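**Q** Turn these sequences into a full structure, and let the hints guide you.
Order-wise, the sequence lines are chains A and B. Take the first sequence: its letters are residues 0 to 262, numbered as in numbering that gives the first Met the number 0. Take the second sequence: its letters are residues 0 to 141, numbered as in numbering that gives the first Met the number 0.
It cannot be assumed that every hint is accurate.
Some chain A residues judged to face chain B by a derived CB distance under 10 Å, without partners named [said to hold, decoys possible]: (1) 19; (2) 50; (3) 93; (4) 94; (5) 97; (6) 122; (7) 124; (8) 126; (9) 227; (10) 228.
These aren't lab readings, by the way, just hints derived from the structure by calculation. Since the model is a prediction, treat every value here as computed from it, not as a measurement. By construction, the Cβ of each residue, glycine as well, lies at the ideal position given by its N, Cα and C atoms.
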Amino acid sequence: MSELRKVQFKVFRFNPSIDTSPKWKIYEVEVDRGSTVLDALLKIKEEQDPSLAVRYSCRQAICGSCGMMINGKQRLACFTRVLELNTRVVVVEPLNNYPIVRDLITDFSDLFNKEKMVKPYIIRDDTLEMLNPTGMYLQKPEELLEYLQFADCIECGLCSSACPTYSTDSLFLTPMILNKAFRFSADSRDMGLHHRLPIIDSEHGCWRCHFAVACSSVCPKGIDPAKSIQLLKRMIASASIFKLVKKKETQLVSRHHAVESVV
Amino acid sequence: MSRKENKQGILGWLKIRGYSIEKLMYVAQRISGVGIIVFLLSHILNVGLIYATTGILWEPPGLIGKSVLIILGIIVVFHTFNGIRLVLAEYGFIVGKPERAVYPYKMTSLSGAQRLALYLVLAAFIVLLYFWIMVALNLLGW
Ligand code: SF4
Ligand code: SF4
Ligand code: FES
Chain A
0 MSELRKVQFK VFRFNPSIDT SPKWKIYEVE VDRGSTVLDA LLKIKEEQDP SLAVRYSCRQ
60 AICGSCGMMI NGKQRLACFT RVLELNTRVV VVEPLNNYPI VRDLITDFSD LFNKEKMVKP
120 YIIRDDTLEM LNPTGMYLQK PEELLEYLQF ADCIECGLCS SACPTYSTDS LFLTPMILNK
180 AFRFSADSRD MGLHHRLPII DSEHGCWRCH FAVACSSVCP KGIDPAKSIQ LLKRMIASAS
240 IFKLVKKKET QLVSRHHAVE SVV
Chain B
0 MSRKENKQGI LGWLKIRGYS IEKLMYVAQR ISGVGIIVFL LSHILNVGLI YATTGILWEP
60 PGLIGKSVLI ILGIIVVFHT FNGIRLVLAE YGFIVGKPER AVYPYKMTSL SGAQRLALYL
120 VLAAFIVLLY FWIMVALNLL GW
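**A** Have a look at this one:
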């Protein structure tokens, strides 16, 4: 058992349906080497103040629901060890730039609505095959690498919360969504760039990103949204200015053949 | 903006604590850009007003005029150099290629060619600043 240490937590408390302004509350919690900020908040909730509202689910940096401002920076509470912060007081607030539901919980509806707008799925011209699939599309390892990094996004919203453009332009698509648009547009099976263009190539689309890279500096999963957004700009510029669109030819393998080759 | 909306506004542009040096460069680029525009507009207005009232189109700048020009020179040099890095980054030339995200994560948009370009911008800026200060001191007659 590792040594226990007392740490102070300064927690933002605000219930917009009753309170006129937010308050700060101080709690003292005993933590050990392995305790995360989420562990500490749950301990506060269990032992000191059951009214504290926190959102979480997986506790292992997979569901993306426990994002908050910890000592002024966007982080996942379940992926941040208290003692590694190395401060006497840990300040916990809701994520910047999203409406507050209550205490540390913020509302992501804006992000999810924008996500639908960029059509986050594979779009193809062969409608018949889409409706009645007869096989599967082959993808080479190097084609997979074109988008794999960006497909690991857990939609925690930390990047969009950190983006300076989103802090003044509520209509900006934000890094989480632009990354999603690139993830699908870069997929060798997808033919949907021109369907996404009216949204991503718009006034509030990718050109509003000014490469502040705040998004990548807070991403907990190594997605590097600042990279995918710049690659998206390059893809759009090549497609619209130079008329350079990478020709995608995906090989369709019949199900029968695919099963046989596996056996 | 209400507290419930929780929008950072302009403060979100200026926040640098916790982020990388690229965010600081973003702030510097914004401020220098605004500075150049403000100078340009006030300069046009100023020259226009003087010309309209006195008919004089140009006369050698005084001490204040020279100082403003020197500061402007420094700002323009920074803004141009950093702007070149941004153009290269924004068209995907120096942000790295897609790769597997393997823990501990390394973001290529925050390292490699992009970071090197950033350091080059700072180095070139400091060298040019040195020469510029020499010219400036000369101009001011010191
Ligand atoms: S790189 Fe672009 S999207 Fe990412 S934080 Fe900066 S402005 Fe926002
Ligand atoms: S890109 Fe990173 S920070 Fe942004 S939502 Fe996905 S996992 Fe979270
Ligand atoms: S609880 Fe799932 S990411 Fe933190």
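**Q** Determine for every hint whether it applies to the structure shown.
**A** Results of checking the hints against the structure:
At a threshold of 10 Å, the smallest CB-CB gap from residue 19 of chain A to chain B is about 9 Å, leaving the interface hint in force. A cut of 10 Å between beta carbons decides the hint on residue 50 of chain A: the least distance to chain B is about 18 Å, and the hint is violated. Because the smallest distance between the Cβ of residue 93 of chain A and any Cβ of chain B comes to about 7 Å, under 10 Å, the interface hint for this residue holds. Because the closest C-beta pair between residue 94 of chain A and chain B is about 8 Å apart, less than 10 Å, the hint holds.
Below 10 Å, beta-carbon pairs count as interface contacts, and residue 97 of chain A has one with chain B at about 6 Å; its hint therefore holds. Using the Cβ-Cβ criterion of 10 Å, the hint placing residue 122 of chain A at the interface with chain B is not satisfied: the shortest such distance is roughly 20 Å. For residue 124 of chain A, the shortest C-beta to C-beta distance to chain B is roughly 25 Å, which exceeds 10 Å, and the interface hint is violated. Hint status for residue 126 of chain A: violated, given a least beta-carbon distance of 29 Å to chain B, over 10 Å.
A hinted interface residue such as residue 227 of chain A counts as satisfied when its beta carbon comes closer than 10 Å to some beta carbon of chain B; here the least separation is about 8 Å, so the hint holds. Taking 10 Å as the C-beta contact cut-off toward chain B, the hint placing residue 228 of chain A at the interface holds, the least distance being around 9 Å.
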